[in-house]
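Enquirer: Here are the chains, one letter per residue:
Protein chains: 2
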Amino acid sequence: MTEREMNAYAAVLVDTCLDFKAGGRLRIACEAVNRELALACARRAYELGARAVRVDWSDMRLARAQADLLREDWLDDKPLLTRRIFETYVEEGWSSLNILGEEDPSLMEGADPARLQRMGRARSLAVKNYHDAVISNRIAWCVAPSPTAAWGKAVFEGSKRPVPADPEAALWKELVPILRLDAPDPARAVREHMEALQERARRLNGLTLRAVRFRGPGTDLTVALAPESNWIGGGSVTPDGRNFYPNLPTEEVFASPDWRGTEGRAACTRPFDLYGQKVRGAWIEFKAGQLVDFGADENADALARWVETDPGARRLGEVALVDGSGPIFRSGLVFGNALIDENAACHVALGSAYEEAYRGIESVAEGERSKLGFNESMVHEDLMIGSDAVEVTGVDASGRELPLISKGRFAV
Amino acid sequence: MTEREMNAYAAVLVDTCLDFKAGGRLRIACEAVNRELALACARRAYELGARAVRVDWSDMRLARAQADLLREDWLDDKPLLTRRIFETYVEEGWSSLNILGEEDPSLMEGADPARLQRMGRARSLAVKNYHDAVISNRIAWCVAPSPTAAWGKAVFEGSKRPVPADPEAALWKELVPILRLDAPDPARAVREHMEALQERARRLNGLTLRAVRFRGPGTDLTVALAPESNWIGGGSVTPDGRNFYPNLPTEEVFASPDWRGTEGRAACTRPFDLYGQKVRGAWIEFKAGQLVDFGADENADALARWVETDPGARRLGEVALVDGSGPIFRSGLVFGNALIDENAACHVALGSAYEEAYRGIESVAEGERSKLGFNESMVHEDLMIGSDAVEVTGVDASGRELPLISKGRFAV
Chain A
1458 MTEREMNAYA
1468 AVLVDTCLDF
1478 KAGGRLRIAC
1488 EAVNRELALA
1498 CARRAYELGA
1508 RAVRVDWSDM
1518 RLARAQADLL
1528 REDWLDDKPL
1538 LTRRIFETYV
1548 EEGWSSLNIL
1558 GEEDPSLMEG
1568 ADPARLQRMG
1578 RARSLAVKNY
1588 HDAVISNRIA
1598 WCVAPSPTAA
1608 WGKAVFEGSK
1618 RPVPADPEAA
1628 LWKELVPILR
1638 LDAPDPARAV
1648 REHMEALQER
1658 ARRLNGLTLR
1668 AVRFRGPGTD
1678 LTVALAPESN
1688 WIGGGSVTPD
1698 GRNFYPNLPT
1708 EEVFASPDWR
1718 GTEGRAACTR
1728 PFDLYGQKVR
1738 GAWIEFKAGQ
1748 LVDFGADENA
1758 DALARWVETD
1768 PGARRLGEVA
1778 LVDGSGPIFR
1788 SGLVFGNALI
1798 DENAACHVAL
1808 GSAYEEAYRG
1818 IESVAEGERS
1828 KLGFNESMVH
1838 EDLMIGSDAV
1848 EVTGVDASGR
1858 ELPLISKGRF
1868 AV
Chain B
1458 MTEREMNAYA
1468 AVLVDTCLDF
1478 KAGGRLRIAC
1488 EAVNRELALA
1498 CARRAYELGA
1508 RAVRVDWSDM
1518 RLARAQADLL
1528 REDWLDDKPL
1538 LTRRIFETYV
1548 EEGWSSLNIL
1558 GEEDPSLMEG
1568 ADPARLQRMG
1578 RARSLAVKNY
1588 HDAVISNRIA
1598 WCVAPSPTAA
1608 WGKAVFEGSK
1618 RPVPADPEAA
1628 LWKELVPILR
1638 LDAPDPARAV
1648 REHMEALQER
1658 ARRLNGLTLR
1668 AVRFRGPGTD
1678 LTVALAPESN
1688 WIGGGSVTPD
1698 GRNFYPNLPT
1708 EEVFASPDWR
1718 GTEGRAACTR
1728 PFDLYGQKVR
1738 GAWIEFKAGQ
1748 LVDFGADENA
1758 DALARWVETD
1768 PGARRLGEVA
1778 LVDGSGPIFR
1788 SGLVFGNALI
1798 DENAACHVAL
1808 GSAYEEAYRG
1818 IESVAEGERS
1828 KLGFNESMVH
1838 EDLMIGSDAV
1848 EVTGVDASGR
1858 ELPLISKGRF
1868 AV
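Quick note, the sequences are listed as chains A and B, same order.
According to the numbering used here, the first sequence is numbered sequentially starting from 1458.
According to the numbering used here, the second sequence is numbered sequentially starting from 1458.
Derived by calculation from the structure, the hints in this document are not laboratory data.
Note that this is a predicted model, so its numbers are computed, not measured.
Check before you lean on any hint, since a few could be wrong.
List of simulated lysine-lysine pairs, BS3-like, C-alpha gap at most 27 Å [unchecked claim]:
#1 A:Lys-1535 with A:Lys-1735
#2 B:Lys-1478 with A:Lys-1535
#3 A:Lys-1478 with B:Lys-1478
#4 B:Lys-1610 with B:Lys-1744
Beta-carbon label-pair distances, calculated as ranges [unchecked claim]:
#5 B:Asp-1530 with A:Glu-1649: 32 to 40 Å
#6 A:Ala-1653 with B:Asn-1586: 35 to 43 Å
#7 A:Glu-1813 with B:Asn-1700: 53 to 61 Å
#8 B:Asn-1586 with A:Arg-1660: 54 to 62 Å
#9 B:Leu-1829 with A:Leu-1537: 46 to 54 Å
#10 B:Asp-1533 with A:Ala-1640: 36 to 44 Å
#11 B:Asp-1533 with A:Glu-1649: 47 to 55 Å
#12 A:Glu-1813 with B:Lys-1828: 56 to 64 Å
Here a beta-carbon is modelled for each residue, glycine too, at the ideal position from N, C-alpha and C.
Go ahead and model the full structure; you've got the sequences and the hints to work with.
Expert: This is the structure:
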């Protein structure tokens, strides 16, 4: 990334994706390997009149030391400090930018999933307030990638292409069109793309679907929709009227389903990450809305532990449609990172549903929502189940089945 | 630093300097350039049964961006988040390890001292609770160095020696004997050294001095001591009985003076750092306890702004004795870092006094202590005024003057 490219990317993230305004506060979360981009975003926020910028540097080697060495006695500690920090972010309305790009994507491999689950659950409890604010768009947030050498190496090693001499630069070259930074005016290109996704969501809402059905190799899954389920795409709005884009890139339109009606089986078409461990070749099976069976070729243990976090971790909180026409799928690469891979393929999420994607749910008290079909959980994880070989249909209120995605292309 | 040396150093810091125990919490503050040592200390703390380890990574490039770009409107903001974080450290009794070693010692040069002072004052107000806990030993804390390439380069460039090919390794080689890590049992060597300093403090207390006088080139300064002034050296004790060493290295014995009796002038013999800016060639002049005049060859502005922080920043809070027999002075190097340079030379500090170095002061309410001679301030900065050419004498209750340090060697 040249300095010019980096500053342009930072401006898209801060100005366009977060709709950042003078007087706002910005939290940036990333690893030290993403420092240059984080600093470019911080400078951009200060230029716009930020009142405060804070970088939460995460260190996965420290996390691994904790995973390996923390005494059993403290595994379930809900850190007061973490709770206070995240409560303050919500209370003061900090915008949140999460820059993803790992120094070493394999660092957590081999750590004990049972210990990771207990520590992860304790952390989820400590930051519940913040998770709720994100899920309900009370704060503006954005998750975006930054290439690293080790990540680039892993992506190309897993592809049919040779590993380039400079894998970080090569990965960046792949990301530029995916992020629409190759457009003459990237901010405008991002906004126009978001409007196209919003238009797709409107068309889907016009169909008043009661279910979405996925059929393909190893997959026959029905996801029930409630009358309140609301297709969303391309952006969200904070209570104070900031239009923000929670993910860059994004190619999805998604809805919060009625979790109680999930039935059938699906094969995951891309790996996903739990506690830093890559779960590959996973499959999931539901009866009457509950995850009743599952497995994986690699790190099945991590999945088994993760679904124990709370009852909502075994139910669906999201169904998302992505076809094969987008730049991520067309790149032919598997990025090993949910932010990008979820935008290459249809997916469902285990865990918490999104409020804006389920009409009227904000007036129902927390703890009462799951009974109505809106899934509540402390966690949320996307599982990719789409590919060119997976046909997606919708079932409307009259029982009519109509194609949504066919042969890898949207039919609506 | 080899991995073995690093682990040995980490054990000295965590086990010996912090007297860290199972169930404790450890905060480590450092720049990313000190990451390997920080991780070694974190692992050591986990091995000892730490309940939590948190690294507060500071990024001076981010600090510089803030210094240059933050809007005038927010310069005096006392960040709520910072306040809550540091309040939690005190409330939960976190041990604090501050690893010093800059990625780029010149990064703050040229920043506006007036803006730095306002931001620094706001931060001091936000962390006042924590500063008070440190000053009164309610938490165990330690400040210790870690070599960096840029720091090493600056040290050797400022010396008569050639700049070595690997300045980080060369600086480490200088620090090893200073830290007493060259001893067969470094932890024991550190403890024995601390006991020798404690013995020196006992001897000084036996003299019941009423003043200390410094005379040398450009210096004739009298620092008054109160009957309550208490010489301290080599370590402190927390309320729960942990023996900790706040500085590694340390060569000083120090007391909290009666600030009201400071008279005369002193030339600073080593540079010191304010807001990341090196103040060189400074001098200070006192009348009736107040700093009435001062100057510097470089960054006089930073000093001028710093003393505006609060009234206590213009009064003395510490007088410390160090002779020329210690390993730091003997190295012949100026380290450009107060932690090390203050242990090469006698010094006085502008700003807050230490409770344990002034008997009975803890029973006087905050805000009332300055009237009695115990200086209260939000800040504390050491100014080195000693050298082989500076003679130090003590004046006892009967008015008798006796030599304390003569020709660079302790006489008591």
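Enquirer: Starting from Lys-1478 of chain B, check that the Cα of Lys-1535 of chain A is at most 27 Å away, please.
Expert: holds (20 Å)
Enquirer: A range of 35 to 43 Å was offered for this pair. Does it hold for the Cβ distance of Ala-1653 of chain A and Asn-1586 of chain B?
Expert: Given range 35 to 43 Å: violated, Cβ gap about 52 Å.
Enquirer: Could you grab the alpha-carbon distance between Lys-1610 of chain B and Lys-1744 of chain B and see if it respects the 27 Å cut-off?
Expert: violated (40 Å)
Enquirer: Given the hint of 47 to 55 Å, check if Asp-1533 of chain B and Glu-1649 of chain A actually sit that far apart at their C-beta atoms.
Expert: Given a distance of about 42 Å, which is not inside 47 to 55 Å, the answer is violated.
Enquirer: Taking the Cβ atom of Asp-1530 of chain B and the Cβ atom of Glu-1649 of chain A, is their distance within the range 32 to 40 Å?
Expert: holds (35 Å)
Enquirer: Honestly, do Glu-1813 of chain A and Lys-1828 of chain B meet the 56 to 64 Å range at C-beta?
Expert: Given range 56 to 64 Å: holds, Cβ gap about 60 Å.
Enquirer: Run the distance test for Lys-1535 of chain A versus Lys-1735 of chain A: straight-line Cα separation, threshold 27 Å.
Expert: holds (25 Å)
Enquirer: Would you say the C-beta atoms of Asn-1586 of chain B and Arg-1660 of chain A sit inside 54 to 62 Å of each other?
Expert: For Arg-1660 of chain A against Asn-1586 of chain B, whose Cβ atoms are near 56 Å apart, the range 54 to 62 Å holds.
Enquirer: Per the hint of 53 to 61 Å, is the separation of the Cβ atoms of Glu-1813 of chain A and Asn-1700 of chain B within bounds?
Expert: Roughly 56 Å apart at Cβ, these two residues keep to the hinted range, so it holds.
Enquirer: Taking the CB of Leu-1829 of chain B and the CB of Leu-1537 of chain A, does the distance hold inside 46 to 54 Å?
Expert: violated (37 Å)
Enquirer: For the pair Asp-1533 of chain B and Ala-1640 of chain A, does the Cβ-Cβ distance stay inside 36 to 44 Å?
Expert: holds (41 Å)
Enquirer: Assess, step by step, whether the Cα of Lys-1478 of chain A is no farther than 27 Å from the Cα of Lys-1478 of chain B, and give holds or violated.
Expert: violated (46 Å)
Violated hints for the displayed structure, listed by number in ascending order: 3, 4, 6, 9 and 11.
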